[in-house]
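Given these sequences and hints, build the entire structure.
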Amino acid sequence: MLFNSISFLIFFPVVTIIYFLIPHRFRWLHLLIASCVFYMFFIPHYIFILFITIIIDYFAGILIEKTSGKKKKQYLWISVISTILVLFIFKYYNFFTVNFNDLAHLIGWNYSIQALQIILPIGLSFHTFQSLSYVIEVYRGKQRAEKHFGIYSLYVMYYPQLVAGPIERPQNLLHQFKRENRFKFQNFYRGLRLIVYGFFMKLVVADRLSIYVDSVYNNADKHDGPSLALATFFFSFQIYCDFAGYSSIAIGVSRVMGINLMTNFRRPYLSRSIGEFWRRWHISLSTWFKDYLYISMGGSRSITSGRVSLNLLTTFLVSGLWHGASWTYVIWGGLNGCYLIAENHARAVRSFFQSKFFTPFRILYVFVLINFSWIFFRSNSFEDALMIISRILSMNGKLFLPPDPEILIYSFIGILAIIIFEVFFETVYRKRKIRNHLFSLNNTFMIVLILAIFLMGVFDGGQFIYFQF
Amino acid sequence: MNKELKKLIRFGTFAIVILFGIDLVTGRILGALYDRMTVGEKARANYFIKSDKSEIIIFGSSRALYHYHSGLISDSLKMTTYNAGRSNQSILYHTTLLKCIVKRHKPKVVVLDLQADEFVYNRRKYERLSALLPYYKLDGDVSAIYNTVRPGYKYFAWSHSLPYNSSVFATLYRGTTSGRDNDINGFMIRKGKVSSALTDKENNCGENLTMDSILIQSFEDFHKICQDANIELVVNISPEFSRYVCERKEFTILKNEIRKRGVLVNDCTEVFENERMFADKTHLSLDGAIEYSNMVVETLKSKLQKKPE
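For the protein sequence lines, the chains are R and S, in the order given.
For the first sequence, position 264 matches number 295 in the working numbering, and the numbering has no gaps at all.
For the second sequence, position 6 matches number 8 in the working numbering, and the numbering has no gaps at all.
Derived from the structure by calculation, the hints contain no laboratory data.
Nothing here was measured: the structure is a model prediction, and the numbers come from that model.
It cannot be assumed that every hint is accurate.
On the chain R side, residues computed to face chain S include the following (Cβ under 8 Å) [to be verified]:
{"no.": "1", "residue": "Leu33"}
{"no.": "2", "residue": "Ile37"}
{"no.": "3", "residue": "Pro44"}
{"no.": "4", "residue": "Glu211"}
{"no.": "5", "residue": "Phe214"}
{"no.": "6", "residue": "Phe219"}
{"no.": "7", "residue": "Leu439"}
{"no.": "8", "residue": "Ile440"}
{"no.": "9", "residue": "Tyr441"}
{"no.": "10", "residue": "Leu480"}
{"no.": "11", "residue": "Leu486"}
{"no.": "12", "residue": "Met487"}
List of simulated lysine-lysine pairs, DSS-like, C-alpha gap at most 30 Å [unchecked claim]:
{"no.": "13", "chain 1": "S", "residue 1": "Lys5", "chain 2": "S", "residue 2": "Lys44"}
{"no.": "14", "chain 1": "R", "residue 1": "Lys209", "chain 2": "S", "residue 2": "Lys303"}
{"no.": "15", "chain 1": "S", "residue 1": "Lys110", "chain 2": "S", "residue 2": "Lys55"}
{"no.": "16", "chain 1": "S", "residue 1": "Lys193", "chain 2": "S", "residue 2": "Lys55"}
{"no.": "17", "chain 1": "S", "residue 1": "Lys262", "chain 2": "S", "residue 2": "Lys251"}
{"no.": "18", "chain 1": "S", "residue 1": "Lys257", "chain 2": "S", "residue 2": "Lys139"}
{"no.": "19", "chain 1": "R", "residue 1": "Lys178", "chain 2": "R", "residue 2": "Lys104"}
{"no.": "20", "chain 1": "S", "residue 1": "Lys305", "chain 2": "S", "residue 2": "Lys262"}
{"no.": "21", "chain 1": "S", "residue 1": "Lys9", "chain 2": "R", "residue 2": "Lys209"}
{"no.": "22", "chain 1": "S", "residue 1": "Lys257", "chain 2": "R", "residue 2": "Lys215"}
{"no.": "23", "chain 1": "S", "residue 1": "Lys44", "chain 2": "S", "residue 2": "Lys55"}
{"no.": "24", "chain 1": "S", "residue 1": "Lys195", "chain 2": "S", "residue 2": "Lys305"}
{"no.": "25", "chain 1": "R", "residue 1": "Lys101", "chain 2": "R", "residue 2": "Lys429"}
{"no.": "26", "chain 1": "S", "residue 1": "Lys80", "chain 2": "R", "residue 2": "Lys209"}
{"no.": "27", "chain 1": "S", "residue 1": "Lys52", "chain 2": "S", "residue 2": "Lys105"}
{"no.": "28", "chain 1": "R", "residue 1": "Lys253", "chain 2": "S", "residue 2": "Lys195"}
{"no.": "29", "chain 1": "S", "residue 1": "Lys193", "chain 2": "S", "residue 2": "Lys44"}
{"no.": "30", "chain 1": "R", "residue 1": "Lys321", "chain 2": "R", "residue 2": "Lys103"}
{"no.": "31", "chain 1": "S", "residue 1": "Lys251", "chain 2": "R", "residue 2": "Lys253"}
{"no.": "32", "chain 1": "R", "residue 1": "Lys429", "chain 2": "S", "residue 2": "Lys9"}
{"no.": "33", "chain 1": "R", "residue 1": "Lys215", "chain 2": "S", "residue 2": "Lys5"}
{"no.": "34", "chain 1": "S", "residue 1": "Lys8", "chain 2": "S", "residue 2": "Lys44"}
{"no.": "35", "chain 1": "R", "residue 1": "Lys429", "chain 2": "S", "residue 2": "Lys195"}
{"no.": "36", "chain 1": "S", "residue 1": "Lys193", "chain 2": "R", "residue 2": "Lys253"}
{"no.": "37", "chain 1": "R", "residue 1": "Lys253", "chain 2": "S", "residue 2": "Lys283"}
{"no.": "38", "chain 1": "S", "residue 1": "Lys52", "chain 2": "R", "residue 2": "Lys429"}
{"no.": "39", "chain 1": "R", "residue 1": "Lys215", "chain 2": "S", "residue 2": "Lys8"}
{"no.": "40", "chain 1": "S", "residue 1": "Lys257", "chain 2": "R", "residue 2": "Lys253"}
The beta carbon of each residue, even a glycine, is placed where N, CA and C say it ideally should be.
Spelled out as structure tokens, the structure:
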């Protein structure tokens, strides 16, 4: 079920009202059933794949807690490998066969592996990582194994974050399902505000920008430098508003029920360094990789700076591969890893630019670098990405104007609104500089957003980009 | 009653009243401005739906809008002509428009200009039908067709401002400024010049294109309205500056589907080769439009001569 669908507009209030009406002891069951229904709106029988992951990691968690030493580690590995195997079959198997066959062809080996005719289950990477997070935390002794199978299933399947995160940690989420939540107006109000802002980001900005971005990037060879540059600029905001919008709705929906999910985005385009960008962008995934991969490899405590750089690069390459089974994602990840390594090696230069005077320039520098990396993320192929870069650098040719140029006006208005809101949140709201009339200000803000959704929203039921991951 | 619940009810009531109020006022203002527009495609559509009583009407996309010189056709045949072509629109839009106008006026001839990929599925064709939303509440046929292609809209039909979604700025600007459109009975001149020479295009043979039964049904409805109202229907596919070495399956299917219903299709895609006739690869220049309209006049003359009084 998509958040931006009619079904969800009915589903959400019904599920929430029943949640508060029934006794606490039945609420986990209610949420679990609701989550199953939510997931089965996509491809119903794929729910069994989810069950496989749940069963493996549920029993693994208990066994890991019960045992110690070598045996404990063995159970962890069995759990990690089998969970990743499911992900590999559905997400990476065909990527592997294509590359294997190409390599075999290159060395003159007349052998090829058949590709599988399967569709990637929606949000597979998200719930796989959430499930892995549980067994690793139990192994590390930071989380007790959950004995209640229903509550554990709900931890993996909790519908607001099931298909596109935030990827939660068991310490943050599991205990909240056991706590009795009473209806609180403040939770409802805060949740509603997040939901409205999320819909604004998705419908008014992301889906509007996607019209131009898709028409240019899907026919990249037919477009010149100016159009490709504009589409790349638009894509930076499209992907941000699409994903941050989804996260905002997810967090808001959960907040209404009194369950807090972690913040996933914190105004990333206002970052003053690449490192800061990655502390503000897709926080639940960045911290996942930091906690379970980067630190496991030694992190920044490694003996040599070369080793630290290697750890960073590996983490970002794997993160790229997590996003999609394509070399363009791997390059995107690698590029971001290289940015960070370069930034770490240029500490002296960074300290020179610390003063407030340079802040706008630093924000711009981060934006341009991240924008450049998005070219690989969005391009349909590696060859396309190279062609787009060369055309953007030459900047020859005409700017493509869509049949209805009003689309561009709405696109720029959407981007401008997001920039104003983000700067306001960062500089005024977050620092609590406004104390008086906060309630009225929030209400006016919500009314403006709702009106903007009605007048400028795109209601074509567009998918969320991160669903494919 | 629980204190928290009381707060929710108070907030909900205020929110609903304020939102409905703002929606109503915004919708009414935009509606009034929309009706005041005199320039642009929305203004032309508004005039056509509400007032036009021409004897010959041309329907189609931008290829109709820029190709059929309604002034020339009108003078040659001594029959009032209006070009109701609209950029990016498909058969869904044309059928809805025809349904709307036959209730108040029955034209004698309808020329329908179709594109080679007219019956190919493309979700954008459905989205663009939102151009008719300002008439959703005014005309039952508009709401019926729109509900078929976007079933979810009926749940939001209470909104007064939603019909003006994505046309706010055009409505505000055009509705508050006066002026005259430079159209000739709906016909617009396309400016531009083709830079490349006519070459064979090999890469677009449509092997993977999906036909859309809703679009085919929409053509059938269009044909039926013409039959029921005794309107002479002429189906044209106007010239383009591209040649295809391979068969375009979607084009063959289009022609077969139309012929199956006993309607003659005038395939004029390859009648011009001179680049002077074209403003771009898919649109005629003024010279091309005049030449092509003269050809259309001849077709209409023979049709009208055959037609019993």
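Outcome of the hint check:
Against a cut-off of 8 Å between C-beta atoms, the interface hint on Leu33 (chain R) is violated, since the closest Cβ of chain S lies about 12 Å away. Interface hint at Ile37 (chain R): satisfied, since its Cβ lies 4 Å from the closest Cβ of chain S, which is below the 8 Å cut-off. A distance limit of 8 Å between C-beta atoms decides the matter here; for Pro44 (chain R) the minimum to chain S is near 11 Å, and the interface restraint is violated. Checking Glu211 (chain R) against chain S: minimum C-beta separation of about 14 Å lies over 8 Å; hint violated.
Interface restraint check: Phe214 (chain R) against chain S, minimum CB-CB distance 5 Å, threshold 8 Å, status holds. At its closest, the beta carbon of Phe219 (chain R) sits 6 Å from a beta carbon of chain S; the interface hint therefore holds under the 8 Å criterion. Given hint, Leu439 (chain R) at the interface with chain S, is violated; its Cβ is 11 Å from that chain's nearest Cβ, farther than 8 Å. Evaluation of the Ile440 (chain R) hint against chain S yields a held restraint, the C-beta minimum of about 6 Å falling below 8 Å.
Interface hint at Tyr441 (chain R): satisfied, since its Cβ lies 7 Å from the closest Cβ of chain S, which is below the 8 Å cut-off. Taking 8 Å as the C-beta contact cut-off toward chain S, the hint placing Leu480 (chain R) at the interface is violated, the least distance being around 11 Å. Contact between Leu486 (chain R) and chain S, as hinted, is supported at the beta carbon level, the nearest pair being about 5 Å apart and thus within 8 Å. Using the Cβ-Cβ criterion of 8 Å, the hint placing Met487 (chain R) at the interface with chain S is satisfied: the shortest such distance is roughly 7 Å.
Pair hint Lys5 (chain S) plus Lys44 (chain S) does not hold up; C-alpha atoms about 51 Å apart against a cutoff of 30 Å. Annotation: proposed proximity of Lys209 (chain R) to Lys303 (chain S) is violated, straight-line Cα distance about 81 Å (limit 30 Å). With a CA separation close to 10 Å, the supplied pair Lys110 (chain S) and Lys55 (chain S) stays within the 30 Å bound. A threshold of 30 Å between alpha carbons decides the hint, and for Lys193 (chain S) with Lys55 (chain S) the separation of about 29 Å falls inside it, so the pair holds.
For a cut-off of 30 Å, the pair hint linking Lys262 (chain S) to Lys251 (chain S) stands: about 16 Å separates their Cα positions. Of the pairs offered as hints, the one joining Lys257 (chain S) and Lys139 (chain S) is violated, with about 35 Å between alpha carbons and a cut-off of 30 Å exceeded. For the given pair, Lys178 (chain R) sits about 20 Å from Lys104 (chain R) by alpha-carbon distance, which is consistent with the 30 Å threshold. With a C-alpha separation of about 20 Å, the suggested pairing of Lys305 (chain S) with Lys262 (chain S) holds against the 30 Å cut-off.
The suggested pairing of Lys9 (chain S) with Lys209 (chain R) holds, with an alpha-carbon distance near 26 Å, which does not exceed 30 Å. Between Lys257 (chain S) and Lys215 (chain R), the direct Cα distance comes to roughly 63 Å. Violation of the 30 Å bound is thereby established for this hinted pair. A distance of roughly 18 Å separates the Cα atoms of Lys44 (chain S) and Lys55 (chain S); the hinted pair therefore holds under the 30 Å criterion. Between Lys195 (chain S) and Lys305 (chain S) the alpha-carbon distance is near 33 Å, which puts this suggested pair outside the 30 Å criterion.
With a C-alpha separation of about 65 Å, the suggested pairing of Lys101 (chain R) with Lys429 (chain R) is violated against the 30 Å cut-off. Restraint check for Lys80 (chain S) and Lys209 (chain R): the C-alpha separation of about 82 Å exceeds 30 Å, so the hint is violated. With a C-alpha separation of about 11 Å, the suggested pairing of Lys52 (chain S) with Lys105 (chain S) holds against the 30 Å cut-off. Distance restraint check for Lys253 (chain R) and Lys195 (chain S): the Cα-Cα separation of roughly 18 Å lies within the 30 Å cut-off, and the hinted pair is therefore satisfied.
The straight-line distance between the Cα atoms of Lys193 (chain S) and Lys44 (chain S) is roughly 20 Å, inside the 30 Å bound, and the hint therefore holds. For a cut-off of 30 Å, the pair hint linking Lys321 (chain R) to Lys103 (chain R) stands: about 23 Å separates their Cα positions. The straight-line distance between the Cα atoms of Lys251 (chain S) and Lys253 (chain R) is roughly 23 Å, inside the 30 Å bound, and the hint therefore holds. At most 30 Å may separate the alpha-carbon atoms for a hinted pair to count; Lys429 (chain R) and Lys9 (chain S) exceed this at roughly 56 Å.
For the proposed pair Lys215 (chain R) and Lys5 (chain S), the alpha carbon gap of about 9 Å is at most 30 Å, so the pair holds. About 46 Å separates the Cα atoms of Lys8 (chain S) and Lys44 (chain S), which puts this hinted pair outside 30 Å; it is violated. With a C-alpha separation of about 15 Å, the suggested pairing of Lys429 (chain R) with Lys195 (chain S) holds against the 30 Å cut-off. In summary, the hint linking Lys193 (chain S) to Lys253 (chain R) is supported, as the alpha carbons are separated by about 21 Å, within the 30 Å threshold.
Restraint check: the Cα-Cα separation between Lys253 (chain R) and Lys283 (chain S) comes to about 14 Å, which is no more than 30 Å; the hinted pair holds. For the hint pairing Lys52 (chain S) with Lys429 (chain R), the CA-to-CA distance comes to about 39 Å; that exceeds 30 Å, so the pair is violated. The suggested pairing of Lys215 (chain R) with Lys8 (chain S) holds, with an alpha-carbon distance near 11 Å, which does not exceed 30 Å. Annotation: proposed proximity of Lys257 (chain S) to Lys253 (chain R) holds, straight-line Cα distance about 29 Å (limit 30 Å).
Hint violations for this structure: numbers 1, 3, 4, 7, 10, 13, 14, 18, 22, 24, 25, 26, 32, 34, 38, all remaining hints satisfied.
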